[in-house]
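Chains as they are written, first to last, in UniProt numbering: chain A, 1 to 418; chain B, 1 to 418.
Hints may be right or wrong, so weigh each one.
Copies of one chain are not kept apart here, so a pair can be met inside one copy or by any two copies together.
Claimed, not checked - With a straight-line Cα cutoff of 20 Å, these simulated SDA-like cross-link-like pairs (lysine to any residue) come out:
#: 1; residue 1: Lys206; residue 2: Thr194
#: 2; residue 1: Lys214; residue 2: Arg184
#: 3; residue 1: Lys214; residue 2: Thr194
#: 4; residue 1: Lys51; residue 2: Asp73
#: 5; residue 1: Lys240; residue 2: Arg68
#: 6; residue 1: Lys240; residue 2: Gln413
#: 7; residue 1: Lys240; residue 2: Ala267
#: 8; residue 1: Lys214; residue 2: Glu376
#: 9; residue 1: Lys240; residue 2: Gly416
For the record, the hints were derived by calculation from the structure and aren't laboratory data. What you are looking at is a predicted structure, and each value in this text was computed from that prediction instead of being measured.
There are 2 protein chains.
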Amino acid sequence: MNDTLQRVGEQARRAARALARADGAAKAAALRAMAQGLRTHAAWLQEENRKDLDAARANQLEAALLDRLTLSDRALELMATGLEQIAAMPDPVGELTDTRIRPNGMQIARMRVPIGVIGIIYESRPNVTIDAAALCIKSGNAAILRGGSEAFHSNTALGKIVQDGLAAAGLPLHGVQMVPTTDRAAVGILVTMTEHVDVIVPRGGKGLIQRLSKEARVPMIKHLDGICHVYVDRDADLRKAHTIAINAKTYRYGICGAMETLLVHEAVAPAFLPEVAAAFATHGVELRGCERTLSVLPGIAAATAEDWDTEYLAPILAVRVVTSLDDAIDHIETHGSGHTDAIVTEQIGAARRFQREVDSSSVYVNLPTCFADGFEYGLGAEIGISTNKLHARGPVGLEGLTTLKWVLSGDAQTRGTP
Amino acid sequence: MNDTLQRVGEQARRAARALARADGAAKAAALRAMAQGLRTHAAWLQEENRKDLDAARANQLEAALLDRLTLSDRALELMATGLEQIAAMPDPVGELTDTRIRPNGMQIARMRVPIGVIGIIYESRPNVTIDAAALCIKSGNAAILRGGSEAFHSNTALGKIVQDGLAAAGLPLHGVQMVPTTDRAAVGILVTMTEHVDVIVPRGGKGLIQRLSKEARVPMIKHLDGICHVYVDRDADLRKAHTIAINAKTYRYGICGAMETLLVHEAVAPAFLPEVAAAFATHGVELRGCERTLSVLPGIAAATAEDWDTEYLAPILAVRVVTSLDDAIDHIETHGSGHTDAIVTEQIGAARRFQREVDSSSVYVNLPTCFADGFEYGLGAEIGISTNKLHARGPVGLEGLTTLKWVLSGDAQTRGTP
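Model the full assembly from the supplied sequences, consistent with the hints where possible.
If you want it as structure tokens, here you go:
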């Protein structure tokens, strides 16, 4: 097992050097060849996918998971279109910024370059195989992909399409490798191979991320929780607050940007809460309130201490009445996860303070938290969302898969006496 | 011990919130008050410093270390001037970049904000106490400083000056804390307190960094080795190559940017090596050569395999003759430490390839590697040099102590059907 992973790692490192040097045209050609491959080999991919689906049914997987696992005609076409979109994006590699001449005449600049080898660990959705491979190739990185065992045949087949695309463009086959085993020990090795892997991007449930965080020696670009707040300020436009609260919760319950706690200033709670509670009721969202919320909405359940720290990912919402902007910020500092938090207000001072002081990867004024997504931000594609403070923060696109090195040019200037 | 560190950590986290909100004027005032404090209390600082010096003499510390430990009048004045320079720099916090309007009318931007709590672990030089405190305050971060036990009294006294400066500017005292013990266990706790410390910057020898790397759970901004190369290309101007090689090695032997290996293209080795070897001899630099080097310079010692992987930090230089640019790049990939590497060439294609393909934090054309320094790069000050690929790479100034969060503003736009 260890030998297999070491070999994969060494091959990735070698391929990373070639990919870092590849020009944008070759990388785009590889992505377009992959798109073509998905279309040409759809029948074969679906045959391989059927093996996973049969096993999943035999293991009585839930319908929602089966749905995610299925490589339908539509799913394959979406992947192909996604590849073509990434192919058409500008190449992030080689960009020079901060160029300046120092007093001694030497020129200094920063050059955007690939990170090297990216390990991606994910669960059931086989489309991640294509998305992640495409983002890594485009950004000039080599990728080692480790999908869920329930999608092993699908991912192996998709990996073949990816490698055919690389070969068609004259790029190294080992630019993207699937970990060739379902053995769980492989993941533990992957996250500790600091000599061959530069960063791990885990995509999956909190259980997976927590386990990896404990074992990892390789840095991770990750988020654990999305306990997102919407704070309705005393100076909120209550119609906007209504629209934002409903969208933030009900756009999709299962995404990390879904609002999990609604904070309402005491001055507007009596006017705001009954109407929004009625709207949540029509969506089937269960409310759990603090004591002061219950005095306005006597029919709902009481929140426990645990509720403020829970990412429901479900039609459940915690509601708390706060006494001030400071009280709201304190609540978010204490219970938030640094993901995405929003204020609803018409008062510019409150908006400025909230946006400056809330220490989350994304901070919104008058927008629902469910916008937390790389496509919505205009990044074109997203490898994940990071609540790290170092390197990439918030939605991570191509730029998050690159780094800046310093490039200096001179004419034999020397450094003087210390 | 654990309780002490936990309390320090909690106090730092609270102070970090206040510092993140502090305006630039208050932070600059604190730094100027610190400069004033160093001058006003010079006699007392030197009295405290004498306790460390007496102990150091009793422990028979080397003269070089004693020198570094001494808070001379000149050393104190240099620290005070440094503080005033950092005070005068622009405040990095709050800068908005990448602002744009999305098609739905919402505005998106990135705001530069402090990281939070920075832990700095360093060895004998007490001036790091002042430099590190100043950079953290200026960038709006709280700092936990842990200096070497041999400078304990000096650092404690300097820490008092720092806290007085914070108080004079109305900023929280706990914005900068010295770890109040010389117990070595404190370091092990500091680097694992992920809830209270966001990043560790270790400054010291390789032994310290290696030990910390093994124990740390908090991310570190660090470099381990500085095995820096100068490659003299076949198309080098040999007078420039001479100047660059001599300066890269002899500017100062003990800095991480000092050249440790000289690579010379076979076509120019016979013309270049004898003259540069004679110059190195006058500097007292010992050369250790590969077989082909020895055929040109028969008088020098033979390099062993180990030499290519050694950071001498001393007047010793490994010399190797290579057959091509690719051979040079391969050598650097295999034996380099990703710190700083240089090519000497007049050929633009070779320069471009070297600068693009060498995967180091700084890559130079026609400049000596000893320029690897934040002041030389125009960063104004430097907390350290990073060979990390994520976040800060190369010399790290104020910007490396900050992070970018996303700030979005809208008018109750909603996200549509998934």
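These are the hints, each one checked on the structure:
no. : hint            : verdict
1   : Lys206 x Thr194 : between (23 Å within a copy, 18 Å between copies)
2   : Lys214 x Arg184 : within (15 Å within a copy, 24 Å between copies)
3   : Lys214 x Thr194 : both (15 Å within a copy, 12 Å between copies)
4   : Lys51 x Asp73   : within (17 Å within a copy, 78 Å between copies)
5   : Lys240 x Arg68  : neither (34 Å within a copy, 62 Å between copies)
6   : Lys240 x Gln413 : between (61 Å within a copy, 9 Å between copies)
7   : Lys240 x Ala267 : within (16 Å within a copy, 73 Å between copies)
8   : Lys214 x Glu376 : neither (32 Å within a copy, 39 Å between copies)
9   : Lys240 x Gly416 : between (62 Å within a copy, 16 Å between copies)
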